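There are 2 protein chains.
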Amino acid sequence: MRLTKYYLPILKENPAEAQIASHRLMLRAGMIRQASAGIYSWLPMGFKVLRRLENIVHEEQQRAGHLPMLMPTLQSADLWKESGRYEDYGKEMLRISDRHGRDMLYGPTNEELITDIFRNSVGSYKDLPLTLYHIQWKFRDEVRPRFGVMRGREFLMKDGYNFDLTKEDALHAYNRHFVSYLRTYERMGLKAIPMRADGGPIGGDYTHEFLVLADTGESDVFYDSTVTDLTFGDREIDFSDRAGLQAIYDEWTKPYARTDETHDDALFSEVPEAQRRQSKGIEVGQIFYFGTKYSEPMNAVVVDDSGQRVPVHMGSHGIGVSRLVGALIEANHDENGIIWPEGVAPFKVGIVNLKQGDTDADAACEGLYKGLTAKGLDPIYDDREERAGAKFATMDLIGCPWRITVGPRGLKNGVVELTSRRTGESEEMSPEAALDRVAQIYAGV
Amino acid sequence: MRLTKYYLPILKENPAEAQIASHRLMLRAGMIRQASAGIYSWLPMGFKVLRRLENIVHEEQQRAGHLPMLMPTLQSADLWKESGRYEDYGKEMLRISDRHGRDMLYGPTNEELITDIFRNSVGSYKDLPLTLYHIQWKFRDEVRPRFGVMRGREFLMKDGYNFDLTKEDALHAYNRHFVSYLRTYERMGLKAIPMRADGGPIGGDYTHEFLVLADTGESDVFYDSTVTDLTFGDREIDFSDRAGLQAIYDEWTKPYARTDETHDDALFSEVPEAQRRQSKGIEVGQIFYFGTKYSEPMNAVVVDDSGQRVPVHMGSHGIGVSRLVGALIEANHDENGIIWPEGVAPFKVGIVNLKQGDTDADAACEGLYKGLTAKGLDPIYDDREERAGAKFATMDLIGCPWRITVGPRGLKNGVVELTSRRTGESEEMSPEAALDRVAQIYAGV
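So the sequence lines, in the order shown, correspond to chains A and B. At position 179 of the first sequence the residue is numbered 179 (the UniProt record's numbering), and the sequence of numbers has no breaks. At position 242 of the second sequence the residue is numbered 242 (the UniProt record's numbering), and the sequence of numbers has no breaks.
Hint data in this document are derived by calculation from the structure and do not stem from the laboratory. Some hints could be false.
Copies of the same chain look alike in the list, so a pair counts if it fits in one copy or across any two.
[As the list claims (entries may be wrong)] Restricting the straight-line Cα-Cα distance to at most 35 Å, the calculated cross-link-like pairs of lysine-lysine (DSBU-like) are:
1. 48 with 81
2. 280 with 254
3. 167 with 370
4. 91 with 167
5. 191 with 48
6. 5 with 81
7. 5 with 280
Model, not experiment: these values are computed from the prediction.
Given these sequences and hints, build the entire structure.
Rendered as structure tokens:
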């Protein structure tokens, strides 16, 4: 993309309403714009990141064998009255009356609707196991929406639901989600720690939250620092291998890691003192096994192999996709702007032309732009008539992981400069070498 | 995908509520399920088609130079009061009151919101031209929702908005949309005819609707049959070439083609009698140039090169993405089910194993499944323990464009059967040849 053809309405001043870095930087970098309280328009660069995260979630869910679908944003209140949650949910649920006066609501979650779909179409244990998910906009009418997309009212979430014949099968589904979530966050360049959590209004004995450590997090977290050393790297994962997934689950849950809701001082004191950490975390996902909590009252049953009608074992599993954009920035920024991890960068590399209009510089930039584009490396070329300082500031603000700086002086020596946004380190090399280096960096992403 | 691992809740009976083919077939083929009146859940196969159409629209919009973004589903009523449309829109607009009693609405369209974004961030003619679009769920509270996704209440639509300095520039944007829409429909395997239309509540002197001919259409259309012979084929299109786009516009608008709203008997009688057609059509898109209708009252101005503040020239341009799924089926089905055009098929090829459990048949099917998957040809393998008739009926119902039938008898002679869903014609060939043939068919799609 050429910046002169793009829509990137950068703000020079820090917006007064933004209290935390991600909110401030998303506004300043022209990623979002508030439409009304807690409701945002995603401008092109913001949408590009959101779509990228959405695609990663789709890929990782399908890798785990889960099936994508899409439920609507508006639901009839009837199913919620049947499950008993219509009254429970309180004012966070946006209640709507349609032109015929029917009670509707903007779905904050989908347990009822998916259970209704299931009970109307699945009748036999032979159709199990089944895990369906969707990525859809949800609404929770927060009293005081704040922190930008981190605590908005309209937000994009992946929610998935497993239907299994037995508790054991459902716990395998739980582990599939546990492992695929860890993989998903790692691929995004995020360190998210699974922590024992509380069931809350969704319920369930087994539940883990996934938290990204950040000073601006709203949850207090307590953990053994060894948990942050765990990574997947190149591990091959077979999502049908129950023992293999259980081993990964055990590996990640062995170190102490809990939110304040489930924190246990006595247990925590057994962690070697040098490894004990207390910090703040941002919740970016949660998984639940809740057994037959919805299937029994809503009569979601299958016939088992002995001909008995039995309620299915279920769980639900969420990833906050729009919130992740904020969490990524909270965990990856400095005073100059965003520092995107390579896996989620909206533009993989920025090209800065130090002297727009100079024949050599223009030609070298065009060559790099075309070369990078041809390799699928999605560059953003700052082709504005601006001074170098403004161009550098823009690249730093929008967080391009790599920048290639092109100027007449360097070109006389046959070189351009390749700079890492994260380390600030620069290296001179030929334009061809810069192109190859960037291709190499992104080959494994 | 293996059918035993998929969620495809096929209905054996014709659902009583479905009056038209697309509604009936989408329910029967397990693509959708009604959540409440005019609101549908998209089950995995339905979602796969919807996502495919969404991606085609994204690709074609970006090819034309338009920038993707995303506006929220819920809007504040304030902007609509400012434009004067809050009262105009009537009961089709779903009005909502949030927990603080603020007036909100579920957006039926986005002229106000996009104009507000524009006026707050763009100030100079140098930032023009600009075309922003999004693909988002909308809501219109139809009195009598019917015909499944063709006239639903919650529906997915692409809407785009151009901002230009002059009328000439805005008409070039109009032509860009005109041409890119024709390309989009052609790529989906649809013949959509652009017809002079009426501005309606959005307004505008220049507007065309794009209609797919189908007996179940709700619009009466009148046209010169030569318009249906026009195609793009392999034409290269340069979206910055004003004269080139104008020539395509002229080519497609020269033959008479109007809806009953703009129909002119006298003009129509000048069409040679043998070419005069009267039919029914389904509207799948509409483009508008409406000048300064929104920019003037909403003060969306830029400073031009003489320093004057001038209102921008705008247009809006919509494609009914969820409706297109229905329109595609209306135009492509027979008594046995759907016949997907290759460009939009949820599964490109179906594999039918005539004798599940037979070592040779199972091995040949596995080989084909892996080979097709490796080539990105997204097969669906019917690996159920079912009789051949039920497997054929399923493949016909879900509309796989190509079917490979594998049985022990054929394999003894080294052959499988490749069948076209559209023509019903079959040919025997080796499994390798069938794989190559399918790859060849999809190479150009």
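Homo-oligomer pair classification [residue 280, residue 5; C-alpha up to 35 Å]:
Neither way: residue 5 and residue 280 sit 40 Å apart in one copy and 41 Å across, limit 35 Å.
Is it within a copy, between copies, both, or neither that the alpha carbon of residue 91 lies no farther than 35 Å from that of residue 167?
within (34 Å within a copy, 48 Å between copies)
Should residue 48 paired with residue 81 be assigned to within, between, both, or neither, using CA atoms and 35 Å as the limit?
between (38 Å within a copy, 31 Å between copies)
Within, between, both or neither, where residue 5 and residue 81 count as close if Cα-Cα is 35 Å or less:
between (51 Å within a copy, 32 Å between copies)
Intra- versus inter-subunit Cα pairing at 35 Å for residue 280 with residue 254:
within (20 Å within a copy, 66 Å between copies)
35 Å Cα cut-off: does residue 191 pair with residue 48 within a copy, between copies, both or neither?
both (22 Å within a copy, 31 Å between copies)
For residue 167 and residue 370, with the copy left unspecified, which applies at a CA distance of at most 35 Å: within, between, both, or neither?
Between copies only: 33 Å across, 55 Å inside.
Hint 7 alone, counting from the list given before, is not met by this structure.
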